[in-house]
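Asker: Sequence:
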Amino acid sequence: MSAAYGVHFGCSSACLAVNKDDKTDVIANDLGDRTTPCIVAFTDHDQAVGVAAKQGMIRNAQNTVCHVKQILGRKYDDPVVTEYKRKSSAQVFDQNGEPRYEVDFKESRKIFTPSQIAVSIYKKMLETAQSHGGSGSQDSVLAVPTHFNMDQKKAIGSAANQAGFNILRMVSEPSAALLAYDIGQTDVTYSGSVLVFRLGGVSAEVSVVNVHNGMYQVSTSVTDSTLGGDLFTDELMKYLVVEYKRKSRNDISDNKRAMAKLRRQAEICKHTMSKMDNVHCAVDSLYDGMDFDTKVSRARFESCVSELVQRCSQLIDQVLSAGHLTRKSVDKVILCGGGANVPVLQKAISDMFSHCDILNTINPEEVIAIGAAKQAGTLSALEDEDIKLNTDDSTIDCISKPICIKTQTESGSQITPVFPGLAPLHSRKHLDFSLNPDQTAFRLEICEITSEEELKTLAIIVMRELPAGSKVNSTFHLRRDGHLHITCTESSSNKTESVTIEPS
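The sequence shown begins at 1 in the working numbering and counts up one residue at a time.
Fair warning: there could be bad hints in the mix.
What the hints assert, rightly or not - 30 Å max Cα-Cα, derived DSS-like pairs, lysine-lysine:
#1 LYS347 x LYS275
#2 LYS256 x LYS245
#3 LYS495 x LYS429
As the list claims (entries may be wrong) - Have a look at the derived ranges for each label pair, beta carbon to beta carbon:
#4 ASP351 x GLY469: 53 to 61 Å
#5 ASP33 x ARG86: 40 to 48 Å
#6 SER329 x GLY469: 24 to 32 Å
#7 ASN161 x ASP104: 39 to 47 Å
#8 HIS280 x ASN213: 48 to 56 Å
#9 ALA299 x GLY97: 13 to 21 Å
#10 ARG428 x ASP104: 50 to 58 Å
#11 LYS245 x ARG86: 45 to 53 Å
#12 ASN213 x ILE501: 44 to 52 Å
#13 GLU102 x PRO417: 55 to 63 Å
#14 GLU302 x LYS110: 43 to 51 Å
#15 GLU302 x GLN95: 26 to 34 Å
#16 ALA299 x ARG100: 44 to 52 Å
#17 GLU107 x GLU302: 44 to 52 Å
By construction, these hints were calculated from the structure, which means they are not laboratory data.
This one's a predicted model, so the numbers in the text were calculated from it and none came from an experiment.
For each residue, glycine too, the CB sits at the ideal point set by N, CA and C.
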């Protein structure tokens, strides 16, 4: 049986797993690390990817690109890009409505697209795959966030293809997490709700996946792009800054170089405290030739991050509320993402779901890649046509944002929900409208509810010269390919208007 790969391209790091001979495991890169930083750096001599790029950040921050996944497939005027630009050490500018990076590379100023950065990272992952499974293209499954729209999925898939991966399918990250633990696969009679908590470097996502007869449906999902594992590092760094000031009477908070060195050490300490109760933190020549040396206890760290742990708990309650669920509705919890390794966070989630199985036997940083690899192993054994027909897919594709309609009534406009967020493809909905006795025209506005809870108009159907007081029957058909087809028919005259909306 040939090797098949699962690729999880995150904002902070990427992980690659292989499925071969019915066995699945994560592949270490050329340095022996099981994850690779999603960082690309440019110098006067070459381009560095991964650990090498991360190690040079202190001296070369303005030519180092991080967290490219955040803006991949987005327009320059997207609020996410605006916020990303504010935090990015590398310069981001507008070129024909698209975000671009401008860096110093080989003694000249060069421009790179987010896709080109992503391709560089995927090529690094491909090198790791080829070191394990031979040369050439590699059959793979990509895991992507539930909130990714079609443009974002297309961008991340295109980057992987350009790098040399043969993409068999994309699966949602929560579905990949379930596949990693074989939920509903070894026991197809299992039915229940599984909560997937993912804490990455720059974002947190909580999803509830319904499982029935081996099929997965993400019923509800909430993402917080202001909450991530990096904030845990920041809180520890704040404490270390105070400690350094107490010991040396020097305030380094305005010194970028010193802060960058201290932050890197804070990140190392955070990871070490997942396994040890006390950590020795030391930085040579932190500021003005002075060294920094101190000890940090796990109890101190937990005190620093207590508010962040509380925010994680609130995010879980938020997704349960959105899905009209209680904690008792969940019978399994899966932890994903490097941030989920923090013991105090694991305990808080365990306390919230004391009746549940808390699944964390697989390293949270690796679980999504392992699930994707298992799916890749299943698909690689099929003929191409079987893969295209989706006959053996264990996930249900869903829309990313809720769909509603706006109609005009005597009291003003009225909003009516049609499909909730993460409604499965395909779906149908029928709605009937009665015109007023003096009304001879009908207007239907189809809208999408954005992440900012605003209405974005997708299409408008207008029907004129209708019999007064008649009824209009409307059918909403959400097709498997993501297209939304709406048909409105006046009941007495059979006059019909329709529109098809392409997936966004």
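Asker: State for each hint whether it applies.
Answerer: Status of the hints after comparison with the structure:
A distance of roughly 14 Å separates the Cα atoms of LYS347 and LYS275; the hinted pair therefore holds under the 30 Å criterion. Distance hint between LYS256 and LYS245 is fulfilled; the C-alpha atoms sit about 16 Å from each other, no more than 30 Å. Between LYS495 and LYS429 the CA atoms are separated by roughly 20 Å; this keeps the pair inside 30 Å, and the hint holds. With their beta carbons about 59 Å apart, ASP351 and GLY469 fall inside the hinted range of 53 to 61 Å.
Range check, ASP33 to ARG86: about 30 Å between beta-carbon atoms, so the 40 to 48 Å window is missed. Range check, SER329 to GLY469: Cβ separation about 45 Å, and the 24 to 32 Å hint is violated. At roughly 29 Å, the beta carbons of ASN161 and ASP104 sit outside the given window of 39 to 47 Å. A hinted range of 48 to 56 Å for the beta carbons of HIS280 and ASN213 is consistent with their spacing of about 52 Å.
Take ALA299 and GLY97: their Cβ atoms lie about 50 Å apart, and the range 13 to 21 Å is violated. The beta-carbon spacing between ARG428 and ASP104, approximately 55 Å, falls within the hinted interval of 50 to 58 Å. Checked against the hint of 45 to 53 Å, the C-beta distance between LYS245 and ARG86 comes to roughly 27 Å, which is inconsistent with it. Checked against the hint of 44 to 52 Å, the pair ASN213 and ILE501 fails, with Cβ atoms roughly 31 Å apart.
In this structure, GLU102 and PRO417 break the distance hint of 55 to 63 Å, their C-beta atoms being roughly 44 Å apart. For the hinted restraint 43 to 51 Å between GLU302 and LYS110, the CB-CB distance of approximately 44 Å keeps it satisfied. Distance hint for GLU302 and GLN95: a CB-CB separation of about 45 Å, inconsistent with the stated range 26 to 34 Å. Checked against the hint of 44 to 52 Å, the C-beta distance between ALA299 and ARG100 comes to roughly 46 Å, which is consistent with it.
Evaluation of the 44 to 52 Å hint for GLU107 and GLU302 yields a pass: the beta carbon distance comes to about 48 Å.
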